[in-house]
Amino acid sequence: MFLKRQMPTIIAISVGLFILFGHFINYEPIQHFVDNDATQWFDIIASFAIFLGALNMLKLQVLKVAKKQKNWQYSILAILGFAFAIFAGFFFRGANYVNLTEIDPDKVTQLITHISTIQDIKDPLLMKKSINSSLADYEIPKIFISRSNANHFAGLVSGLATDVTVGSKPWGAHVQIEGSLFSWMFFKVFTPLSSTMFALLAFFVASASYRAFRIRNFEATLLLVAGIILMIGRVPVGELIPWWVVSTLIVFGFGALIAPLIMDKKILFGIIFCGFFASIGLGIIFDWSLAVNTPEILSITNISEWIFDYPTAAGSRAIMIGIALGIIATSFRIILGIEKPF
Amino acid sequence: MDILKKIFIALGSMDRRFIFLLVGFSVLLPKLYPDFFTLPIKASSHSERVFAEIDALENGAKVLVSFEYGPSTKPEIHPSAIALLNHLFSKDIKVYAVALWPDGNFMATEAFSAVAEKYGKQYGKDYVNLGYKPGGEAVVKGLASDIRTMYTVDLLGNELDEIIVMENVKNLLDFDFIFSLSAGYPGSKEWVQFACDPLGIPMSTGCTSIQVTDIIPYVENDQIKGILSGMPGAAEYEQLVRNTLSLRGIDVNPGKASINMAAQSMAHIVIVMLIILGNITYYLTRKSTKKGGVK
Amino acid sequence: MNNKLLLIGIVSFIIIFVYWLGYGLLFVEGNSATFIGIILVSSTIFFYIDAARSGKEIYLRPIAGLKAIEEAVGRATEMGKSVLFVPGISDMDQVDTVAGINILGHVAEITAKYETDLNVPTCRAIVMESARESCRESYLRAGRPDLYYDDIVHYISDDQFAYAAGVNGVMIREKPAACFYQGKFYAESLLLAETGNSIGAIQIAGTGSASQIPFFVTACDYTLIGEEFFAASAYLSNKPELIGSIKGQDIVKFMVIVIMITVFVFDTVRQMGLLDFNILTFLGLN
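Protein chains in written order, with our numbering: chain A, 5 to 346; chain B, 45 to 339; chain C, 6 to 291.
Read the hints as simulated data drawn from the structure, not as lab findings.
Every residue gets a Cβ at the ideal spot worked out from N, C-alpha and C, and that includes glycine.
You may find that some hints are simply not true.
Unchecked claim - Chain C is faced by these chain A residues, among others (derived, beta-carbon under 8 Å): (1) 75; (2) 201; (3) 202; (4) 212; (5) 216; (6) 325; (7) 327.
Bound conformation, chain A alone:
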């Protein structure tokens, strides 16, 4: 019972207070622990904890297949994907390279021809320059997933240098290096899948905006107007909107604001039309069609930039301060042991 209840609380309180006040103590080992080691401890624990999560996920998917529960076929895909990633990361390096030593300078062009059969060469002259500057020791700029392919290529170019060796990139680097099996999986499978999920956002933003942006009250109208201005102002199309469209919108917007205050609709329409003709008249007199003459307020792009720089920044700051205070209070409760989420 002590291990489950009191021990976690003691650990949370002592470590929390230590990290908080350790930040102020002028003693190098404590400073180093607080700044570096403490977060790295967490990362190490989290890294090992991944096994728990992965095993849990695997267990659920395998059970689904074994018991042939609803949609069990999709679980096979999940298990296969998991197995493939483990295989490509831990068991199969798939990062073989071919190294040439003492290349014959007369055979550089031949070498380039051979390389062009396995990858696109954007600039043959640049490649020739690069080979010529490393005739003593040159690595073919292509990683082979299978050893046999690397050996086959090595066989093709064996007559062009004194020594041709086939090697394998070290464990660890095989995950990062472009052309390896893991890299292939990342760029050809994972990247399109992630991009697709992110692309769904565009459609969902459209349907959410369509459903939610209604002129129900003043705040909703403000949200709607700001949203439309920002959507149009942030893209090149915003630059194409002429000044008289923006001035008309401003006049009508002003009319909408004062409408509840003016009972007589004739007076209201009169004010709006006068405003409209006045703005057009001013535009003609001062030649606002020339970009240098156009007032900044009559450009959707400038208005959207202003919204970003002032109201958005101000609102963002206020929410950030509020959230920061919330985080302080929650952390305080956890450090004092008043709140125990663990």
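Got chain A sorted already, so can you dock chains B and C onto it with the hints?
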């Protein structure tokens, strides 16, 4: 008039799948007919600021570029990375890449392989990729004190002391500029809070459009020198880099962000039209409900 | 209560005095504003926690989203469907996730009481373990440990969009009647909220990610904005010490507003040339 009202009300309650189709077409058509949908790109003040800060760096300066994005946010941020590397390499600036996200490694590798060769830049001599380190802000703090506590080898396993470009580079104070390409946490905020602001190192960022509201207070406070906001920001920066480098005799291809801006513009227009349509329907429906109710 | 206030004041003063004495020797230089801030904030929150424990009535304004939690679980019970709880995509090192797990504890207690199915997909293994502990405790507190089993809380993936795809799949297949999104979210927030909307579920969201709040506000029925999310566990538990900490937090916010206005006024007057005193340098903000 009644028929028109009924049409609007019917359109206002259309299935979301029709909305998805409309948005899909609005993005597809500019991609299929790009010549028909060419739009001029005008740089905002934030993008111009970023450009000016990078352009003011002297030849031989050292810039740390941090890759904190993955495949999902690649369309928004990767164009900024490519344009940035074009800008940096054209000025003979030494580039040091780190990644606070595991995916950032792959993004960095891809960006360098797309740009470095064109300028004849050699790995280890002109640029280095130190790779990913877990720990978020702990990595930033570690780099601020001593790079070699965080990294002993680079991404390819080479010892740091054997890499030419790492000579005399001990910590973040040895860098002239930091650029964070960020899609979330850890990202630009951590760089500002734990490195750039305390140490006084100038910094800019390229981030997703969603993140801009989080970062803009730092930009307004001049803690971050300009921001490339999502794909529009990337397109603006690409345009600035392309125009400037062509004046200097360097040919740069139009970037992916610039090409995709037409599609984004059309999508935004469609969404605005749908919002207006939805409001017309809402107004008409409310009016007919009021007429039917007690006056 | 005045004695307690005096005692807290004396202790805070002693701590600041010790800090001042050891400044530069025992304590690192350059952090004094932060240290004094921590002492002030801590003593304020501690004072109100103590006041609440002593029986002082503290008023908290009603928050619609929190009142709707029991209603949402009740709706799921009536419809014979499950409740989905998403604790965000960050790990336990983020306070948002901790706050989300606290709320999970309360939701789990209600689902145990109503015998409703609960499904908690997680993005991190450590969060999975913490969530399991929290649910186990809640089911035990509700007197229904027989209804709890470990697979209520399960792991999907560490990757943001793989997790979103997995949760969306759960929503489409199982069609929960109530969806809770409580924790740290990024771009996947709208994916989850829109999918939940499409299946007709009642949705209650809460997050400390400021950029995701607009998406939740647009797509969800109730949203806990900013501090409301962090105050939720105090609201739901109704424990005096937790409610006292909320009051303390509000007083600290008031102090921050006063300081902001003071600095603004002083600096404006200085910039107009009417005053030499630079309050920013005095506070160490320059």
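How the hints compare with the structure:
{"no.": "1", "hint": "75", "result": "6 Å, holds"}
{"no.": "2", "hint": "201", "result": "4 Å, holds"}
{"no.": "3", "hint": "202", "result": "6 Å, holds"}
{"no.": "4", "hint": "212", "result": "5 Å, holds"}
{"no.": "5", "hint": "216", "result": "4 Å, holds"}
{"no.": "6", "hint": "325", "result": "7 Å, holds"}
{"no.": "7", "hint": "327", "result": "5 Å, holds"}
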